[in-house]
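K.L.:
Going down the list, the sequences are from chains P and D. Counting with numbering that gives the first Met the number 0, you get residues 0 to 610 for the letters of the first sequence. Counting with numbering that gives the first Met the number 0, you get residues 0 to 610 for the letters of the second sequence.
Derived by calculation from the structure, the hints in this document are not laboratory data. Among the hints, erroneous ones may be present.
[Unchecked claim] Just so you have them, the derived chain D footprint on chain P, three or more residues with Cβ under 8 Å: (1) 19–25; (2) 110–117; (3) 336–349.
[Said to hold, decoys possible] Computed list of lysine to any residue pairs in SDA-like fashion (alpha-carbon distance at most 20 Å, straight line): (4) D/Lys215 - P/Asn454; (5) D/Lys333 - P/Asp177; (6) P/Lys449 - D/Gln136; (7) D/Lys350 - P/Asn203; (8) P/Lys333 - D/Leu92; (9) D/Lys270 - D/Ser130; (10) D/Lys297 - D/Gly55; (11) D/Lys508 - D/Thr44; (12) P/Lys449 - D/Leu141; (13) D/Lys474 - D/Trp451; (14) D/Lys8 - D/Glu261; (15) P/Lys449 - D/Thr147.
From the three backbone atoms N, C-alpha and C, an ideal C-beta is built for every residue, glycine too.
In case you want the letters, here they are:
Number of protein chains: 2
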Amino acid sequence: MEITRHNFKQVIDQVSEAVDEASFLCIDGEFTGLNNGPALHGFDTPQERYDKLRKGSLDFLFVQFGLCAFKYETEESRFVARPFNFYIFPRPLNRNAPDCRFLCQASSLHFLASQGMDFNKVFRDGIPYLSPVDEQQMRDTLDQKHATQQLNSPPFTSGSSHTSDSGRTIQVPAEHKDFIQQTLTRIQSFIDSEEETLQLEPCNAYLRKLIYSTVKNKFSSSVYLETKVGEQNQHYFIEASKANEELLKKRGKEKRQQELDELDDAVGMSKIIRMICQSGKLVIGHNMLLDVLHLLHKFSYPLPQEIDEFKSLVNCLFPRLLDTKLMASMHPFKELVSNTTLGDLEATLGKEPFKVPVIVFPEDFPGYKTAQEHQAGYDAYMTGRCFIIMANYLGTFKSQSKPVLPGSALLEPFVNKLYLMRVQDIPYVNLAGQDLKPNRDHVFHVTFPKEWKSNDLYQLFRPFGPIYIAWIDDKSAFVALTKKDQSDLAYKMLCEGVSYRVRRYGDHKEPHASHGRKRPLSFPETIPPRNGEGKRLKVTSSDVGRVSPVTQRCITTILEEAEDKPPTEAGEEEEEEEHGDEDGDEMKEEILEEKTNESTQAQLFEEPEAW
Amino acid sequence: MEITRHNFKQVIDQVSEAVDEASFLCIDGEFTGLNNGPALHGFDTPQERYDKLRKGSLDFLFVQFGLCAFKYETEESRFVARPFNFYIFPRPLNRNAPDCRFLCQASSLHFLASQGMDFNKVFRDGIPYLSPVDEQQMRDTLDQKHATQQLNSPPFTSGSSHTSDSGRTIQVPAEHKDFIQQTLTRIQSFIDSEEETLQLEPCNAYLRKLIYSTVKNKFSSSVYLETKVGEQNQHYFIEASKANEELLKKRGKEKRQQELDELDDAVGMSKIIRMICQSGKLVIGHNMLLDVLHLLHKFSYPLPQEIDEFKSLVNCLFPRLLDTKLMASMHPFKELVSNTTLGDLEATLGKEPFKVPVIVFPEDFPGYKTAQEHQAGYDAYMTGRCFIIMANYLGTFKSQSKPVLPGSALLEPFVNKLYLMRVQDIPYVNLAGQDLKPNRDHVFHVTFPKEWKSNDLYQLFRPFGPIYIAWIDDKSAFVALTKKDQSDLAYKMLCEGVSYRVRRYGDHKEPHASHGRKRPLSFPETIPPRNGEGKRLKVTSSDVGRVSPVTQRCITTILEEAEDKPPTEAGEEEEEEEHGDEDGDEMKEEILEEKTNESTQAQLFEEPEAW
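Input sequences plus hints: build the corresponding full structure.
P.N.:
Below is the structure:
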């Protein structure tokens, strides 16, 4: 169901009902861009990735929000899906509302528009929103204004907040004297007539101001003026009505109510997000880290600097999250799914050994007859399909024929972990505890002249076997050895380069990690080698207390895996930006060829032992 | 005529012909936002206004460009108008092209979308552009690449720039071994067959990479692979053809030509702008300062810091400009035109004493049957209509029945001056010389607690007569006295305020003007008063050398006028943002009421004596 500001009020109860009844909720967001900061790369730590997204991704606009509520009907053994597709746009509703400036990324807009996103609908009909902070501020302003008005007489003019304006009037310029005189005459006749209202000719803001001022002067409070908008929003005109104290009081009250209603409208989309938070239900997304960041940033509170505080905030607002891209990358799906982009995943899950469940749309509810990829509502629906199929597949290990629903222990290994795009050895942000800290003794930070291409790096490291390159910028990269036992030798041979500089990952990271001074990234001739020490943070008992037994076992396994298996060529898989540009597919391939050419990827992590 | 990237190449000759034949050209631009910096206000100097626009307005995107070429046909005594409406969007055409990030302003997008701007067309079908700097950079990169390729063997793969990549191959992961083996078998059969090409199944970027790598390894240069896009851009697939040295050379040459063509496409819209510049014709816009800034910034060179250098740049690129909003604000039109927004102006010029000229569209040329306000092509057309009517009206003073065309001395007073929006006493940026420096001895810079509203300022200055307030932010404003002779008294009485601070305009400006240290804008108790001195810059002889006699006379008159006439209430007129939000009309009115409430405006400037 498409939802814009025009039908928002009519359907909000329906959304609320769908959320209340749901077994779980799926979400998806579309944005005007992805990244405006330093490039994401394969050895970002979770904190670094969080920083990059927080600083580089949140100035883009959230233009479409998909919510699909899935309800399991036991008797019918089927799921009922209610997909809602919200168009969002922060149009300033009145002069107290902020007029938002936001960023766009050309490739993202082109991609979304080619996929059928209707930006005209977004900009024209999008639902507005206010963060709690903005809402409070506007509410305070309004309260203050109303308190002032209570102290004064009822407002004379509809738009005016200057009841104490000492009756100053504007002098009428010579060229407008005739016009104003005619208007005053018309109003006098109107007062003497039986008519209840009088519509004046449309005129511009300045002339309206002259009318307000002169009418106020001449007729005092015996007439009430109000600016109205003509048909098709083409013109503004003034409507006069006969005033008495009662009417003025009534109009004042109406005006205040209207302002409160406007504020309520301005809160708009935030209500839906709050509804989802308050439901406490399992919320499912596909590659959902960026969606979660945007939801928090736009609809709740400013994002904290530290990822641990971010996790606390997420835990408060979305107590249970599940990321289907991560799920599909983990055992037992990893072996069966070669490409985890949403479309490909859904195609794979439509075949053996997976079983397609019965999912229906309610009667008279607009569902989907054809694919509408990258429409947020459709993607949320697809995410739910994928989840149901994967969850049910887990059930087959226990010969369970009933669907596996949220709450099942089988799902616990996947809960509250958000997929970390393209990071080589840390598969997810762990919302339920400490993040993984894999050993990176075989990773080097290399700086070099900007003319260097990947081939120069391959040549440099050739004696030590295949490498994986994670480009930072055109003058630096992380280089990971596939043959981990060559690390010390490689460092010894390369650490005294002239045109380049090779440092151990740990040495490079140390100053940043301790928030100490940063060493310059220029080319001093020699730097005494230091061995990486104390870089691996084991799961401590306090962390263990916060995670479920299954999750904990899973983490331990992963830690060991991450240590034991260095990147291998075989592990490479296609890493496609979920919210990205299909054109970018080709582009990325070329960049891949240009820059890495022979990229490798770690066997990321291993399966929990819970099956 | 609507022009997108799809018909751009087909119609560029038609545009070129229209420009060549034109008597004059009208332009208009639509942007994704107006201002993201400090508020514009009524006492900005031209340099300050230029700074604000340069820093705060140019990160918005130029999404639509209107060009209307008007040609006068003497025999028919009529104008032929050819309006072109270009959709512009900087979609990155390939990996070497920058992926632009740009700003949007919510109110502007909402306004344009409600006026019918098709943003889907913009983002999907917009014509790309490159500045000369970007173009040169990309051309250099391409030249370098081609030079490298000449040194090596013809490229094996279409997308690859790594001909010297030492033949490293990617190891095929177990799950893809079958697929790759099948592919190799198919290619072997193809080589043994009579077929000339073979299309492989569509597959993802990673699998394509595996194919490239393994095929290269197995078949060396006996087969040529190329990635192609399937119908409707849905899929990428590989096409294989049989290779020999001749074919490889040919393909290499084709590839290089294709890359040059792509670059040519990427230059796109810039060609149109260069065409206009090279024509040297009179270019007319309505309130065109922002358009000119954007045109220079996006399609020519980075804008210089100093307005004088900006003027030199404009003079080089657009030697003759005329702003119809300024023209309509000057004698003899000022007395006849109460509102200079484009729509209202056109309506006014359709009535007596003005004469509507014959303007036709060429046969088979898409013109306008109904109004399409705020569509750039239509606005450019309307601007031309207004210009023709006003120019012809000037002719009536000399009893000239022929139309007044560019080159006529009657138009000189209006040439190379760009309207300065909302500035109280400086009507325009003078591209042909020094800007006006009106006396501002009656203007005070006032800082105060942010709780203050306009009424507090009215109370403060009440003893000295009516004032005009130009808000800077919520803690400072410029206040101009209407009774100029009260200036010294007002300063004497108010300069020692406790909660506020009043300084003379000259004292406030001095440090900035001399690029010296800035005084803090906090509230020190007293500051020794200084009289404004040396602030007025007379037109010097070197400036006079640069302006035409008529313009010079005009400037002199204006300088005197600006000194003699202080702001009066009577002079106020509606100041509506040309590129702004019609909704903003109402909003602005309210802000007006809220903040200035009794605003006044100088009799801006007087007529040239040329009639």
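K.L.:
Which constraints among the numbered hints does this structure fail? Numbers only, ascending.
P.N.:
1 and 8
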